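Chemist: The lines below spell out each chain.
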Amino acid sequence: MRPRPPSERDFTSFLRSPAVASRVGLALGICFGLAFLTGLYSHWQQNPDAWFPPPTRPVWGYRLTQGLHVASGTAAIPLLLVKLWTVYPKLFAALPDLRKPRAALLNALERGSIAVLVASGIFMLATGIANSAQWYPWSFTFRLTHYALAWVAIGALVVHIMVKLPLIRGALGADIDSTENDRPGTAHRASGMTRRGLVGTAYAAAAVAVLSTAGATVPLLRKVSVFGVRSGDGPGGIPINRSARAARVTALATAGDYTLVVANGDREVEVDLDRLTSMRRHTYDLPIACVEGWSAQGTWAGPRIRDLMALVDAPEGADVVVRSLQPSGPYTTTLLPGNFAAADNTLLATHLSGERLSIDHGFPCRVIAPNRPGVLQTKWVARLEVRT
Amino acid sequence: MRARVGIGAVGVLVGAYGAYLLLGLGWDNLLAAVYWLAGGVILHDFVLSVALLGVALLVVAVVPARVRGPVVAGLVVLGSVTLLAVPVLGSFGAKADNPTLLDRNYWLGWVVLALLVVLATAVGVVRRLRTPASGPPDPEGTEREPEA
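Residue numbers (UniProt numbering), protein chains in the order written: chain A, 1 to 388; chain B, 1 to 148.
Treat the hints loosely; a few may be bogus.
As the list claims (entries may be wrong) - Sample of chain B residues lacking proximity to chain A, with all beta carbon distances greater than 10 Å (derived):
(1) V10
(2) V47
(3) G54
(4) V118
(5) A122
(6) V123
(7) V126
(8) R130
To be verified - Derived CB-CB ranges, DEER-like:
(9) B/V126 with A/I176: 23 to 31 Å
(10) A/A104 with B/V112: 48 to 56 Å
(11) B/G39 with A/E268: 48 to 56 Å
(12) B/L13 with A/D285: 42 to 50 Å
(13) A/D177 with B/A120: 18 to 26 Å
(14) B/D97 with A/L172: 46 to 54 Å
(15) B/A9 with A/P5: 32 to 40 Å
(16) B/V112 with A/F142: 26 to 34 Å
(17) A/R2 with B/V118: 56 to 64 Å
Stated by the list, open to error - These stretches of chain B come out as covered by chain A in the derived footprint (C-beta under 8 Å, 3 or more residues):
(18) 11 to 23
(19) 34 to 42
(20) 96 to 106
Rather than coming from a laboratory, the hints here were simulated on the basis of the structure. All of these numbers come straight from a predicted model, not from anything done at the bench. Just so it is clear, CB atoms sit at the ideal spot from N, CA and C, and this is done for glycine as well.
This is chain B alone, in the form it adopts within the complex:
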C-alpha cells in the first residue's frame, strides 16, 4: 500500500511537471490546447459514445445473437481504423508543392480494407452457422439487455 501511494505520488509530480511545461508556453497556447483537451472528451463521451449506443441497439435488433460476435468484431475494426484514417482520408495536410506527401488514393484503400473486413466477417458468420450452438440454451432466448 505504501509503495502504491509512493508511486502514485510520483505520478502526480510527473503530471504536475507537464502542467508546468504547458503553462510555460503562454496563455494563448494554453487556451488553444484546452479547446482540444475538452473537445476530445466531449466528442467522445457525448457524441461518439451515444452514437455507439444507437449502433448497439441496432445490432441487437437486427443481428441474431449467434452471429453477433463476428459482426461486432468487424464493426469495431472498421470503425476504429476509419476514425484514425480521417486525416489521410480528408487529405487536409496535402500541399500543392509536395506531391510526395499523402500520395495515395486513400478512399480506394478504404474500400479495399472495408471489403477485406466484410469478407473476414462473412467467414466468421458462416463458421458460426455451421457449428452447432454450444453452451446452455437460453430458455426465453432473451437475457434482456438494453444494449449489446
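Chain A on its own, in the form it takes in the complex:
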C-alpha cells in the first residue's frame, strides 16, 4: 500500500464529534469571553488617560476581576486542548472543488478564520500562563501584544460561532450520543470513554487547573494550589513583585537625607522622614492585586495622600502624579486620578501589619489605594505633584 496523507475519514473515534465539540466549546467560549472582559477592564485601569477614571469602590474590585482573568484563562487551557482534539480531523478535510469559486472562497475564508482563532487562542493562553509566572521567553512587549491579540482572538471567535451556529444549535439541541451531526466515517458507539465522560473530564480538568493555581489569589486555596505562583508569604504577610534590588533603588531609598517632595505648580514642600511618620496615620485593610493574577490583603498605615496634598493647597479632586525613586522602568511615574487621590483610604503607606514598611515593599513610603492594579501602587515614592 502506498503511503498517503491522512484524510478526515481516517479519524473514526465516536468522541471526535460536534456533540462533544459544541459542549466543550460552550464552556471555552464563556472562559474566553470572561477573560476578554476582565482583560479590557484591566487595560482601562492601567490607561492613565482614560475618558473617565475607574471607581475607587469596591476596594477588592481589581482583585476580583484580575483573579477571574487569570482563572478563566487557566481553565481554558484544558478545555481548548480537548476542543481542538475533537475537531482535529477537520485539519485534513478535503480541499474544495476549485471549479466552484464561490464555495472555494467561502471555504478558504472559514479555514482562514479558524487558523487565526487557533493561533491567537493558543497565543493568549500560552503567553498569559507564562506571564503569571513572570516568565518572558519572547522579545515582543507582553502587555500590548496580549491586548492586541485579545481583539483578534475574540473577533475570530465571533466569526467562528456565527459560521458554525446551525451546527452548534443542532448539536446542543440533540442528545449527546446522537450521531446525526457527525462527520461521515465516525463510529456509531463509544469504545471505552463515552462522550458524556469526555465532556465531564474536560470540565474536571478545567476545575483542577483552577484549584491548583488560584491559591495565589484565594487565601482559602493556598494549601491546595500546588501550582500557585505565590504561597502568600513575604515581609508583613505580603509577597513582593519587584524587589528594591531589581529596581536598583536600595541606596536611594535608604539614604539618610531622604525627603518626600509635595508640589503644586511652583509651590513645593519637603517632607522629611520624621515629619512623614509623625503625620496623622490612618490604617486600612486593602488588597495588593497584581496584574499577574496574585493578590494578598494587607493592613496598611500612613498619612492620607489627600492630607499630604493639602500641604500645598492642592485643589480637591486634582489628579496627582506620583514619581518613584526608581531610576528607570515603565512604572517609575504613575497617575493617581483625582477620585483616588481624594479617597479616605488612599494612603502613602509607611507601615504594613504594624511594622515599618520593608525595603522591598517600598520603604520609606508607597502608594496604596483601593481597587487598583499592583503596578500602579507605586513604591519608593519621591514626589507627589498636582497634574497640570
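Put chain B on the given structure of chain A with help from the hints.
Modeler: Just chain B now, kept in the frame of chain A:
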C-alpha cells in the same frame, strides 16, 4: 441569517482592530509575535496531536475497553494540567532577589497531584469492574477503531 452575517461582520471588524493594534507595535514586535502565533499552531497540530495519537494507540492496545473511561479521564486531567504547570515546574521566571515568587516545591506538588489522579482513576476502574457490563454486547468485541 442576516443577523448571523451582521454579527459575523462585527467579528471581522473586531479582529481587524486587533490586527491594527498589533501592526502599530512595530515590525520587530510583529515578527516576534508571529513566531509564537505560528509556533503554537505547529506545536499543537504536528507535535502534540501526533503524540496523542500514539498515546491513544497505546491505550487502546493495553487498556480493556471496559475500564478505558477512567484511565483516559485520568490521563487527560493529569496531562493538560501538567502542560499548564510547565512555567512553574521549570521555575523559569524565578529571581534570586525575590524569594516570594515561585516559592513552592512544584515538583512535590506535581507528585501529590499525580497520586490523587491515580487514586481517582483506580477508584473509577474498580467501580467499573464491580458493576456488570451494561449495554448490548459487542459480538466481535471489536468495533474496529484505529484510535481511541
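Chemist: State for each hint whether it applies.
Modeler: Going down the list of hints, with the structure as the test:
Not every CB of chain A is more than 10 Å from the CB of B/V10 (nearest about 7 Å), against its label as outside the interface. Non-interface status of B/V47 relative to chain A is upheld: no Cβ of that chain comes within 10 Å, the nearest being about 12 Å off. No Cβ of chain A comes within 10 Å of the Cβ of B/G54; the nearest lies about 14 Å off, and the non-interface call holds. Annotated as non-interface, B/V118 keeps its C-beta farther than 10 Å from every C-beta of chain A; the closest such distance is 14 Å.
The non-interface label for B/A122 is consistent with chain A: the shortest C-beta to C-beta separation is roughly 16 Å, beyond 10 Å. Annotated as non-interface, B/V123 keeps its C-beta farther than 10 Å from every C-beta of chain A; the closest such distance is 14 Å. Taking the minimum C-beta to C-beta distance to chain A, about 16 Å, the non-interface status of B/V126 holds against the 10 Å cut. Separation of B/R130 from chain A is adequate, the least Cβ-Cβ distance of about 17 Å exceeding the 10 Å criterion.
About 26 Å separates the C-beta atoms of B/V126 and A/I176, a value consistent with the hinted range of 23 to 31 Å. Distance hint check: the CB atoms of A/A104 and B/V112 are about 53 Å apart, consistent with the given range 48 to 56 Å. Here the CB-CB span from B/G39 to A/E268 is close to 52 Å, well matched to the stated 48 to 56 Å. Taking 42 to 50 Å as the suggested C-beta distance range, the pair B/L13 and A/D285 conforms, at roughly 44 Å.
For the hinted restraint 18 to 26 Å between A/D177 and B/A120, the CB-CB distance of approximately 24 Å keeps it satisfied. Range check, B/D97 to A/L172: Cβ separation about 51 Å, and the 46 to 54 Å hint holds. A beta carbon spacing of about 35 Å between B/A9 and A/P5 agrees with the range 32 to 40 Å that was offered as a hint. Taking the beta carbon of each, B/V112 and A/F142 are about 31 Å apart, inside 26 to 34 Å as hinted.
Taken as a hint, the range 56 to 64 Å is violated for the pair A/R2 and B/V118, whose Cβ atoms sit roughly 43 Å apart. Check on the region 11 to 23 of chain B: 11 of its residues sit with their Cβ under 8 Å from a Cβ of chain A, so the three-residue criterion for coverage holds. Three residues within the 8 Å Cβ limit are the bar, and the region 34 to 42 of chain B against chain A gives 6, so the coverage statement holds. Check on the region 96 to 106 of chain B: 8 of its residues sit with their Cβ under 8 Å from a Cβ of chain A, so the three-residue criterion for coverage holds.
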